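So the sequence lines, in the order shown, correspond to chains A and B. Heads up: the first sequence is residues 11 to 533, going by my numbering. Heads up: the second sequence is residues 35 to 341, going by my numbering.
I should point out that these hints are in silico values taken from the structure, not numbers from a laboratory. The model shown is predicted, which means the values in this text are computed figures rather than measured ones. Cβ atoms here follow ideal geometry from the backbone N, Cα and C, with glycine treated the same way. One or more hints might be untrue.
FRET-style restraints, in silico, Cβ to Cβ [said to hold, decoys possible]: (1) 68(B) x 268(A): 21 to 31 angstroms; (2) 225(A) x 111(B): 52 to 62 angstroms; (3) 186(A) x 233(B): 55 to 65 angstroms; (4) 231(A) x 59(B): 52 to 62 angstroms; (5) 62(B) x 186(A): 35 to 45 angstroms; (6) 464(A) x 306(B): 48 to 58 angstroms; (7) 194(A) x 90(B): 19 to 29 angstroms; (8) 203(B) x 364(A): 29 to 39 angstroms.
What follows is the residue order along each chain.
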Amino acid sequence: MKRLLLAATAATLVGLSAAAPASAAEIRYASAGDIYGLDPHSMTDSFSINFLQHIYEPLVRYSKDLKIEPALAERWEAVQPDVVRYHLRQGVKFHDGAAFTADDVVVSLKRATHEKSPIKGNLPALKDVVKIDDFTVDLHLTGPTPLLNNFLTNMSIFDAGWLEANNAVEPVNAQQGEEGFTTRNANGTGPFKLESRRPDAQTVLLANEDWWDTPQHNLTKIIHTPIGSDATRVAALLSGEIDIIVPSPLQDAGRIANSAGVKVLEAPGLRTIMMGFNIKDELNDGDVEGNPFQNPAVRKAVYQAINMDLIRDRIMRGKSRNAGALVAPEVPGFDAAVNERFAHDLEAAKAALAEAGYPNGFQFNMNCPNDAYVNDEEICQAMAAMLAQAGLKPKLVTEARTLHFQKALAGQADLFMLGWATLPMLDGYSVLSAMLHSPDDKLGTWNPGGYVNAKLDELTEQVDVELDEEKRRALMVEAFAIARDEVAWLPLHQQPLSWATRDNVHVEQTADDLLRLWYAKVD
Amino acid sequence: MATLAARLRSFTAGDLFYSFRRSRTTVLATTVLALMMLGALLAPLVAPHDPFDIASLSLLDSELPPAWMEGSNPAYWLGTDTQARDVFSSILYGLRISLFVGAASVLLAAVLGVFLGLVGGYFGGLLDAVIMRVADVLLSFPAILVALLINGVLRGILPAGQQESAALIVLVLSIGLTNWVQYARTVRGSTLVERQREYVQAARTIGVGSLRIMRAHILPNVLGPVLVIATINLGMAVLTEATLSFLGVGMPATMPSLGTLIRVGNEYLFSGIWWVVIFPSATLAILVLAVNLLGDWLRDALNPKLR
Chain A
11 MKRLLLAATA ATLVGLSAAA PASAAEIRYA SAGDIYGLDP HSMTDSFSIN
61 FLQHIYEPLV RYSKDLKIEP ALAERWEAVQ PDVVRYHLRQ GVKFHDGAAF
111 TADDVVVSLK RATHEKSPIK GNLPALKDVV KIDDFTVDLH LTGPTPLLNN
161 FLTNMSIFDA GWLEANNAVE PVNAQQGEEG FTTRNANGTG PFKLESRRPD
211 AQTVLLANED WWDTPQHNLT KIIHTPIGSD ATRVAALLSG EIDIIVPSPL
261 QDAGRIANSA GVKVLEAPGL RTIMMGFNIK DELNDGDVEG NPFQNPAVRK
311 AVYQAINMDL IRDRIMRGKS RNAGALVAPE VPGFDAAVNE RFAHDLEAAK
361 AALAEAGYPN GFQFNMNCPN DAYVNDEEIC QAMAAMLAQA GLKPKLVTEA
411 RTLHFQKALA GQADLFMLGW ATLPMLDGYS VLSAMLHSPD DKLGTWNPGG
461 YVNAKLDELT EQVDVELDEE KRRALMVEAF AIARDEVAWL PLHQQPLSWA
511 TRDNVHVEQT ADDLLRLWYA KVD
Chain B
35 MATLAARLRS FTAGDLFYSF RRSRTTVLAT TVLALMMLGA LLAPLVAPHD
85 PFDIASLSLL DSELPPAWME GSNPAYWLGT DTQARDVFSS ILYGLRISLF
135 VGAASVLLAA VLGVFLGLVG GYFGGLLDAV IMRVADVLLS FPAILVALLI
185 NGVLRGILPA GQQESAALIV LVLSIGLTNW VQYARTVRGS TLVERQREYV
235 QAARTIGVGS LRIMRAHILP NVLGPVLVIA TINLGMAVLT EATLSFLGVG
285 MPATMPSLGT LIRVGNEYLF SGIWWVVIFP SATLAILVLA VNLLGDWLRD
335 ALNPKLR
């Protein structure tokens, strides 16, 4: 019996090691979480939408250096300031063989902006879509929309006939647990087509032989597996079970770099991590009258009490990029002078607090996620310690992202963490409109602290309709300079992108931290 | 005083103490357990640093290796973690929280479960059906979900300012009220068997009351498995506490329990700072092992059939 067991174990081991190298053009990819479903109109999650762009395509897409390039639309022109005409690519076929026409664009864009659609906010300016002929459509807008193409990169095109035949023209909201035919079935025009999917376990895609574009990849098959635990994901890469992991934990970079056959890919990312203040009349969990955070000098004291160099060197292992502006250098609206951080100065912070009338500090609650950003919980703990050294009394709560963002959005946190990559717009307007404009029913959706500045509101509204690129940028820089001086938000850093692959895998690491396997090559 | 001395003498002369002394592993387990409890209880006196005093932490001291390795600082003999907390002090303070939550919730679950199981198994009928259906419902959900539910309800009841200070009690209640089902089921099963035995029948015939029968006759005979479950559950309770803390409904991140230390350290398994996960894990393993050994011995020593 013992010998039998031994033989069986040996056989399993041999089997495992034999399974290690993937066949040339197959790639096994592990991410931290699974996609929300197969319908790209059913979620605002940029990871899921990007994954689904292997199957579905938009009218225009981002290239590997994040520039807009034609996809299903070949070219476009403004007919009037608020009407843009798109000329569609001819000869494109959906995976089921149906031809791509203007009807598909009309139905898809209407579906995406349907009042029940969770992504309707990603194309707020669209009034109507009108078919001119089989390969021309006009987009009617509420006004001049400089970012129209940026918005459209997120709008996947479905086959109208397929949606109608399967009773799926109405959108579903996957983030609220809704399901429809499109949640489990997919039929796009993209470089890959769906082979099979088991939610939370495995999604398999096959290369689309009839893709209209010239493939820059050499893959035949993508096998995607979500692996939640950092250590397990790294172990799977090291053991040869997986070819690429996104993300790769920062703390394991050294270990991976020193292992044979695997490599780490690192680059500064787009996502700026920052802390938001509650600026309403009362603190949620304070021990003083009123709200000290209403005073910009107090906000600046909090800013100066935090030593970002130390956090970068220790917790981020030297790989983050400290930020003074609310957008990354790659994003329009960035300005080097605005990106200059206020120096870390504990004494100045203490003095400023004393001068503001809080020589003994004050208490407030501090909320952070523990599974949303790179080392988020560690950063917050370190910051809490630094604030305590300045005499403040932060009450830190770290929790799962769903709870954290719910609480932060409801205004129940006095100091809260938020990361903003400006996706899908890739433009400073994203920050201005969502986080700096005073909250109303359309703008200021991520300004739960209630920060109001009339000048910023005015600038934001000007940026929205300014078609001259130079002027737009100047307006945005002006706005971000005000936000910096007022410490409307407390910027921390851009978190690093960290991926790891086997040596024979070549991918393009784009600054938005999204893996585009249509550029991947496997030797 | 005299009676106390007499009691102590009769205990040391009794069967129980004899069997305890004879079993070396049990003595060892008890010593280890006692040391851990002492360390945890006296943490503020024993520990060289106070890891809960966040103002005293400086990131400059983070990730120092244990004292015997190169680049260490002798002030931190088991090294420091990513937040510059002294690992040894964190373990002592963490043990304090974990032991309290673990022991109190296991006790709560055991008392509740044994009582309900005994009553249900002994009286049967509608009462039994109700208790067991409630148990079935609880069992059909993952334990962590039930714990979250209880936690949510308790936090809803508490006023906003009290939540942090009541975090420990809320944890004990939510874990304890989730885990009683296993005890109830086990005890009910054994009670059903024992109830039919001759000695119970005999006691009943001579007119002994139900309560007394349950307490004096059935309880000692069904307690064996309870002790085994309790010892296993202690470890589970410590881990459940870590999970709840991870979800943000347990202890705050600035006051890590042993389970939280392990959960956080787990992310650094491949990164070379092994001491942040090995030492807390080893402590938990030794703790659970010691409790298990003690439980094993207690089961044998108390089992009337083996006496």
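- Violated constraints from the hint list, given by number and in increasing order: 1, 5 and 7
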